[in-house]
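Just so you know, the protein sequences line up as chains L and B, in that order.
Okay, so the first sequence: first residue is 623 according to my numbering, each after it adds one.
Okay, so the second sequence: first residue is 110 according to my numbering, each after it adds one.
Calculated directly from the structure, the hints in this document are not laboratory data.
Any given hint could turn out to be false.
To be verified - Below are the DSS-like pairs computed for lysine-lysine, each with C-alpha atoms no more than 27 Å apart in a straight line: (1) B:Lys187 / B:Lys175; (2) B:Lys333 / B:Lys175; (3) B:Lys327 / L:Lys678; (4) L:Lys644 / B:Lys397; (5) B:Lys334 / L:Lys678; (6) B:Lys435 / L:Lys631.
Read off the chains here:
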Amino acid sequence: MSQGFTIPKFQLPGFIARIGEKLPQWPHAVALTTALNAAAKLGVLPEDSLAQLDGKTFVVQVYDTGGQAAFTYRGGLFRPLFRPAGAPDLAFRANLSAFLQVAARQEDPDTLFFNRELSIEGDTELGLIVKNMLDAIDPSQFRPTLPRLPLNLPFSRR
Amino acid sequence: MATLVTLRILSRPFAMDRSALPDLVCPAGSLPALKAAVDNGADAVYLGYKNDTNARNFAGLNFDAKTMADGVRYAHGKGCEVLMAINTFPQPGRVADWRAAVDGAVDLGVDAIILADVGLLDYARSRHPQQRLHLSVQGSATSYEAINFAHREFDVRRAVLPRVLTLAQVEHVIRNTPVEIEVFGFGSLCVMNEGRCWLSSYATGESPNTVGACSPAKYVKWDKKPGQMDTRLNGVLIDRFADDEPAGYPTLCKGRFEVQGETYYALEEPTSLNVLEILPDIIKIGVKAIKVEGRQRSPAYVTQVTRTLRAALDSLVNAGERYHVKPTWQAELAKVSEGNQATLGAYNRPWR
Chain L
623 MSQGFTIPKF QLPGFIARIG EKLPQWPHAV ALTTALNAAA KLGVLPEDSL
673 AQLDGKTFVV QVYDTGGQAA FTYRGGLFRP LFRPAGAPDL AFRANLSAFL
723 QVAARQEDPD TLFFNRELSI EGDTELGLIV KNMLDAIDPS QFRPTLPRLP
773 LNLPFSRR
Chain B
110 MATLVTLRIL SRPFAMDRSA LPDLVCPAGS LPALKAAVDN GADAVYLGYK
160 NDTNARNFAG LNFDAKTMAD GVRYAHGKGC EVLMAINTFP QPGRVADWRA
210 AVDGAVDLGV DAIILADVGL LDYARSRHPQ QRLHLSVQGS ATSYEAINFA
260 HREFDVRRAV LPRVLTLAQV EHVIRNTPVE IEVFGFGSLC VMNEGRCWLS
310 SYATGESPNT VGACSPAKYV KWDKKPGQMD TRLNGVLIDR FADDEPAGYP
360 TLCKGRFEVQ GETYYALEEP TSLNVLEILP DIIKIGVKAI KVEGRQRSPA
410 YVTQVTRTLR AALDSLVNAG ERYHVKPTWQ AELAKVSEGN QATLGAYNRP
460 WR
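Let's have the full structure, built from the sequences with the hints guiding it.
The following block contains the structure:
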């Protein structure tokens with residue numbers, strides 16, 4: 623985690639959520655599943671954990687932006703759910719600052735959960751699999767993979 | 110009596126050089142957590158396989174063969190020891206799984222294997238005579254007689270003490286054994302009947318000794334309703350929280366129950382152990398290693414706790430008698446504490 627910059631706990635003004643709720647929600651799901659599929663393709667998500675997600679439905683809701691993403695994992699791909707039916711198998715709900723703190727590895731999701739800043743509802747074991755899968759992502763694994771892309775151009779061959 | 114002993118400990122002259130500091134032993138439930146521990150000043154990390162041979166067998170946690178090898182290489186590359194926890198009890202018909210885990214740990218070149226089961230200690234000692242062995246807290250050895258037995262029979266070099274002894278009792282153990290003593294310094298507390306606790310089995314049929322997990326997640330249900338959240342373990346109501354009340358993981362020992370018309374934490378309150386205040390005393394009595402609980406927690410937790418305890422230990426070298434607990438350390442640890450309250454656990458209890 624970064625030593626120099628810390629993400630403070632904050633809550634966006636209420637009107638943002640009121641507007642956000644009225645906007646279409648599918649772009650969030652498309653963006654999130656695209657990112658998750660990219661991560662899976664890079665091989666940073668453990669395959670044994672991914673297999674346990676098959677057929678499960680998820681919701682990620684950001685309270686203070688009014689945004690919500692519903693998606694599923696099926697046949698090796700994360701897919702957006704445009705018309706989610708019924709309660710998801712697992713739902714993560716929190717304000718934006720909590721999600722950012724978790725993403726930056728600044729705060730422990732357990733801490734936020736126990737302090738009631740992060741809500742996890744549904745299948746507890748599935749929640750644990752997802753939490754541990756995200757914890758197991760090693761940022762240093764990204765580095766050797768990403769710069770390789772332009773090197774595949776013919777003129778860069780040594 | 111306990112006060113007298115504490116005073117005696119405190120009145121001794123106190124000089125500290127770096128080599129006298131106990132090892133800081135930190136938890137690693139994943140490769141990023143291991144790296145966080147190593148990078149923030151752990152002297153040793155402890156970890157386990159992705160199966161029921163260790164007492165933190167939670168879904169998605171721990172190491173497979175590849176991450177294990179990567180982890181050992183990373184830690185050793187930075188001068189940090191790796192301790193492998195194989196601290197559950199072999200189940201009927203499956204002894205071979207636990208023995209294979211021991212053999213695997215030796216092949217990986219870990220610095221020590223942490224074992225609880227007497228049969229497995231015997232196997233490890235006879236099959237791998239050169240391998241350093243530690244007695245796990247799950248081995249439930251609270252007296253120097255028990256520890257000396259493990260030393261005599263299996264050449265155990267270090268024992269992790271269950272969190273039930275006062276500081277004076279820990280000192281008494283240390284004075285009567287050649288075995289190095291490791292104590293817990295930070296982390297969630299429970300009823301602490303380590304290695305002998307069957308409360309989880311009472312509700313679910315599964316416990317740390319049998320499946321490697323207390324209150325396995327598949328039995329846990331967070332039931333959110335307007336204004337309250339119920340937590341249940343295999344259908345048994347463990348606790349009920351108002352919307353703004355800090356919640357805890359529903360282990361049976363930390364639930365609120367109705368006893369004779371009163372509802373309260375009848376067995377144990379959700380708290381965290383925090384020894385910052387008595388760190389000089391722990392060192393003076395000759396503790397060899399201080400362990401941080403929490404392999405199930407995230408890399409962020411490992412970073413925060415390791416960094417803080419490292420700073421506190423290092424400050425002892427320079428500050429000596431002038432050691433004082435910095436408010437920023439307490440704030441950092443309070444944030445990640447379960448139940449948002451920290452105690453000295455059994456270390457300063459009046460009972461003996």
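Each hint tested on the structure:
For the suggested pair lysine 187 of chain B and lysine 175 of chain B, the alpha carbons sit about 19 Å apart, so the restraint of at most 27 Å is met. With a CA separation close to 39 Å, the supplied pair lysine 333 of chain B and lysine 175 of chain B exceeds the 27 Å bound. Of the pairs offered as hints, the one joining lysine 327 of chain B and lysine 678 of chain L holds, with about 15 Å between alpha carbons and a cut-off of 27 Å not exceeded. Straight-line distance between C-alpha atoms of lysine 644 of chain L and lysine 397 of chain B comes to about 60 Å, which puts the hinted pair past the 27 Å bound.
Only pairs whose Cα atoms come within 27 Å are accepted, and lysine 334 of chain B paired with lysine 678 of chain L is accepted, the gap being roughly 23 Å. Proposed proximity of lysine 435 of chain B and lysine 631 of chain L is supported: the alpha carbons are some 23 Å apart, at most 27 Å.
Going through the hint list in order, the structure does not satisfy hints 2, 4.
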